[in-house]
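The numbering of the sequence shown is the numbering used here, which starts it at 27 and goes up by one.
If you're looking for bench data, these hints aren't it; they were derived computationally from the structure.
We put the beta carbon where it would ideally sit given N, CA and C, even for glycine.
One thing to keep in mind: the hints can contain errors.
Stated by the list, open to error - Computed spacing ranges between beta-carbons, pair by pair:
#1 52 x 85: 46 to 54 Å
#2 50 x 86: 39 to 47 Å
#3 78 x 42: 19 to 27 Å
#4 49 x 83: 20 to 28 Å
#5 42 x 86: 37 to 45 Å
#6 58 x 34: 19 to 27 Å
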Amino acid sequence: MSESERSFEHLIDELEEIVQRLGRDDLELDEALGLFERGVGCLRDAGRLLDAAEGRVEELIESAAGDFEAIGFEVPDRDNGEAGSG
């Protein structure tokens, strides 16, 4: 499957599978490194998809005057639920 065909949801599912497999006690080092590499690739791809989505949201936000304006938005920090720098 090419990178452009991989949905965000698919990437998250794959990451969850990788995390579960990495948690096994009987994992060989080579397999663990391969899984880790796949996981990093999934994270990069998911980040690109999120960046693209953010760009689309910024393009579509309409001001009260009816004009479109690009405004940024902050993603909540996963640790405390507050917006942060990432």
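We went through each hint and held it up to the structure:
1. At about 49 Å, the CB distance of residue 52 to residue 85 agrees with the hint of 46 to 54 Å.
2. Separated by about 43 Å at the C-beta atoms, residue 50 and residue 86 satisfy the suggested range of 39 to 47 Å.
3. Taken as a hint, the range 19 to 27 Å holds for the pair residue 78 and residue 42, whose Cβ atoms sit roughly 22 Å apart.
4. Checked against the hint of 20 to 28 Å, the pair residue 49 and residue 83 fails, with Cβ atoms roughly 34 Å apart.
5. For the pair residue 42 and residue 86, the supplied restraint of 37 to 45 Å is violated, since their beta-carbon distance comes to about 30 Å.
6. Separation of residue 58 from residue 34 is about 25 Å and conforms to the stated range, judged on CB atoms against 19 to 27 Å.
Of the numbered hints listed earlier, those contradicted by the structure are 4, 5.
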